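Residue numbers (this note's numbering), protein chains in the order written: chain F, 8 to 251; chain D, 3 to 296.
Treat the hints with care, as some may be off.
Said to hold, decoys possible - Here are the in silico distance ranges between beta carbons for each label pair:
id : chain 1 : residue 1 : chain 2 : residue 2 : range
1  : D       : H214      : F       : R166      : 51 to 57 Å
2  : F       : G151      : D       : M223      : 43 to 49 Å
3  : D       : D123      : F       : Y25       : 53 to 59 Å
No lab work stands behind these hints: they were computed from the structure.
Quick caveat, the model's predicted, so the values are computed rather than measured.
Glycine is no exception: its CB is placed at the ideal position from the N, C-alpha and C atoms.
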Amino acid sequence: MTRKDHPLLEVSELVTAYGKIEALKGVNLSVEQGSITCLLGPNGAGKTTLMMTTAGILKPRGGSIRFAGTEIAGRAPHAIVAQGVALVPENRLVFPAMTVIDNLQAGAYQRRDRVETGADLERMFARFPRLKERSAQLAGTLSGGEQQMLAVARALMSRPKLLLMDEPSLGLAPLVVEEIFRIIADLHMDGATIFLVEQNAHMALKVAQHFYLMEQGKVTFSGTPGAMAEDEVIRRAYLGSAKA
Amino acid sequence: MFFDLIQNTLDGLAMGSSYALLAVGFTLIFGVLRRVNLSYGPAIMFGGYCATWVHLNFQAGLLALAIITIAGAVLAGAYVERLCFAPHRQGSAIAAMVASFALWMQFEEAVTLVMPSHVYDFPAMYDGPPFEFGSLTLRMEALVMLACAVAISYGLHRVLSGSRFGLAVRAVIDSPVAAQLAGIDVPRVLLQVFLLASSIGGLAGYLIVSTHTQITPMLGMWSTLKGLLAMMIGGLGSLPGAVAGGLVLGVLEAHSQWFLGPQSRDLLAFLLLFGLLAVRPYGLWRASSAEAEA
Ligand SMILES: Nc1ncnc2c1ncn2[C@@H]1O[C@H](COP(=O)(O)OP(=O)(O)OP(=O)(O)O)[C@@H](O)[C@H]1O
Ligand SMILES: [Mg+2]
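One chain only, chain D, in its complex shape (with noise of 0.2 Å):
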């Protein structure tokens, strides 16, 4: 009893961090367009599908299949960047959001045209055994997942604190017009941000398939939920807040599926997320708006 609740906090925290990956992409487009992306999600699925395309079609190793998650995910979030969020910067938030939206299930549409069967096998990572720790087990995708978790995490730190592109964007994300003002070119930032982010996610994305060992078109939504989620548990806008909050998210995942069993575990998080809507809006941590802007 006691080793199961080690191991699945394990779990919970491997998986935890893919979710802090799809936390942080979210934050960070959050926190320069203050607009929610729906799409970020597909964006991902579509690049994973994009991977799982030349995985049938070719022989590509598993860093090349990586390589083209990413890309793939990059590339649809910067066509969701320009159709939906450059032309409404200046509007409204409502639009920005529909538009999204629609460019989910345009993602959904293009995937299940040219790969019509749904649901396809994606290698794993790794076929080994895991590794043992006593009676513990950690997969190796387990510790890749954390290790990316903990480099991109501290990758990001340095960059946002420490160089000229982490100025403009903190300084995107306090004041667009003070950035505009003190010279920034706030839209060539924004592109920036949401490459970078969809990057992000696009890593995750690959990390959550080869795991998964499978992929299906819901990986876009799932990704989208799982991502809000744990953003909002880590308090809207915050990047450690994001980490944080998808730690949270995974460590809770894994005791409830132990406790409860498999299919409580995408119930939990919506039900979760219905929760947290409704009694701490700004965040487990944050009890205000005040304190969200700042």
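If we strip away everything but chain F, and leave its shape as in the complex, we get (with noise of 0.2 Å):
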């Protein structure tokens, strides 16, 4: 277990870059146990490219993450689930040619224990209604917001320590948003720590105890919600301050 005393996500001048492009100029922000944390910021600040980046997907170019203590930076993507990361990542990313429940199953790869994995796919499936209806069909031919639910659904099957939620809601309709939301603080309510970025602002700033404002690969404020100027830090996230 982490000592309290240290956060659970821990990134500190992280810089990522495609090519000769830098994405993350060196970022630092840290995630608190039991938390749900608000990463806000305008299109093309870096959001994505941190969450990837954090799930070993792309590859940093300097600096570090630490996980419950332990440098996951540069490390393959399945050693880092396996340490008990997880990324219901942007556009979802279900495998569209398999069935619902084979998508659950590829979620729990790494884990060997059958009958506990057998009682949460049923635990899935009491949290998610839709997807039991659904099992035998596959993800390709669910509508959007039931492939964002089978994402997070699919996330959650390696049981992870820290969720990392890339823009949960994008696309989807307001009464599928406010569902997603429901179910990221129903999760929450159960204990999981919850890193999330979101366009979103006000739906983020509710269900958030912290967030972070990203700008141009760096992060520019941090702050808990309700004791700022919300509507300036809504105003950046969406224009960037740039533009202001």
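Work from the hints to combine the two standalone chains into their complex.
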């Protein structure tokens, strides 16, 4: 377990580049155990890049990512999943040609405890009844909202200690967005630690205990919702300060 | 005439079974890597020459020769994967393809260096007379080929649909990034699939050379061509399609050989590949790339 004075996730001076272009230019932030922490920022700020680097899909050029006291920067994605980090990626990335149930089984790929995995599958179906109805259907034929539920459930099947979510509300109808946020709040109630990227700042700031604002590859602002001038944060999250 | 047609179809199905095996291996590699491995056939040819060399220098039983062919193909396949495909996984498909062409040349050079007379006899699986059913005959090799194709296709289907490894393979085929996020060690799965495909190809290679009772360096190009063609007929990336494509190709060849003479067989294969690419690039049964991706 983590010592109380260490955050669960600690990112420092993280640099990730695409070719010569640095998308992350020394990012510093941390996520406390048991919290919902939200990352806001305009398009192209580098939010997805940060998520993909944390999950090991992108290799950082410099800096460190400590998870539960262990350095995970630059390690292979499957090793990072084994540490207890799961990402619900931008645009969901379900396995479209596989059934719902196989998608969930794939999420539990590293687990050897068959009985417990089966029980978790039932728990997912209880939490997401729509997935149960469609368990034999190919994931590619699900609606956008259902695919998002599936992507969340797949990530949970690995029993992560930290759940990373990259814009789970992207492209979804308002009612579905509310459902997604209800699920996020539920997971948090059950003790999950969640690091959430959102463009929907209004909704995100309602559930988060802490937020960061990222602009052009750097964290430019951080705080606690309610304490600050929220309108200003939201405006910058959408537009970026450069265009103000 | 009627019996000839049936006889040709039978012979075609037998030869087509080995094409089906070649295509299944090709399709597995194409499925997980989205890359065409031109060295697929040459690796099989390498395995065949390993067995030929052992046959010339030692007393080895048929089973031993089959195992050596497969082992040689797997070894060569691992070499291809490490050199061509592992380094270019994120990079360009062209680089990987050119690299696999370079290894093709390497295999041919290596083989002809050690065994310079090019054409060698290879022991037949079975010397006895063919089985007769009325006026139809069926050779032992044909039966073995059919049995192998059925067994491998069925076994592969079971593994892919019902095992942990199969789940990982399907996940990698479907979305490599999502597979990584799900905690699957993708590079390891790719290597395993490559070795599995090479062993299936090696088995096909053994069945083919022991049927022809000789081996030439052309076996490399020939296997790549037949595997590729059967895969294209069946629709890129579909395993049942690959089996069907192999059988269709075998039957077509058998009939054309009978009607147009023995020279026509490989010519037909080339023409078919060309025509197919022009008219239905995603296989006989698929209309578009959208379906092929699905
Ligand atoms: N594959 C890539 N190749 C080159 N540049 C990229 C690539 N992906 C992202 N970038 C660039 O990196 C920067 C950060 O992109 P990123 O996707 O991380 O932003 P984001 O904050 O997630 O934006 P959005 O809110 O639109 O999802 C952008 O300038 C983008 O153009
Ligand atoms: Mg993004």
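Each hint, compared with the structure:
1. D/H214 <-> F/R166: 51 to 57 Å: Since D/H214 and F/R166 have Cβ atoms about 55 Å apart, the given range 51 to 57 Å holds.
2. F/G151 <-> D/M223: 43 to 49 Å: Distance hint for F/G151, D/M223 holds at roughly 47 Å.
3. D/D123 <-> F/Y25: 53 to 59 Å: Given a distance of about 57 Å, which is inside 53 to 59 Å, the answer is holds.
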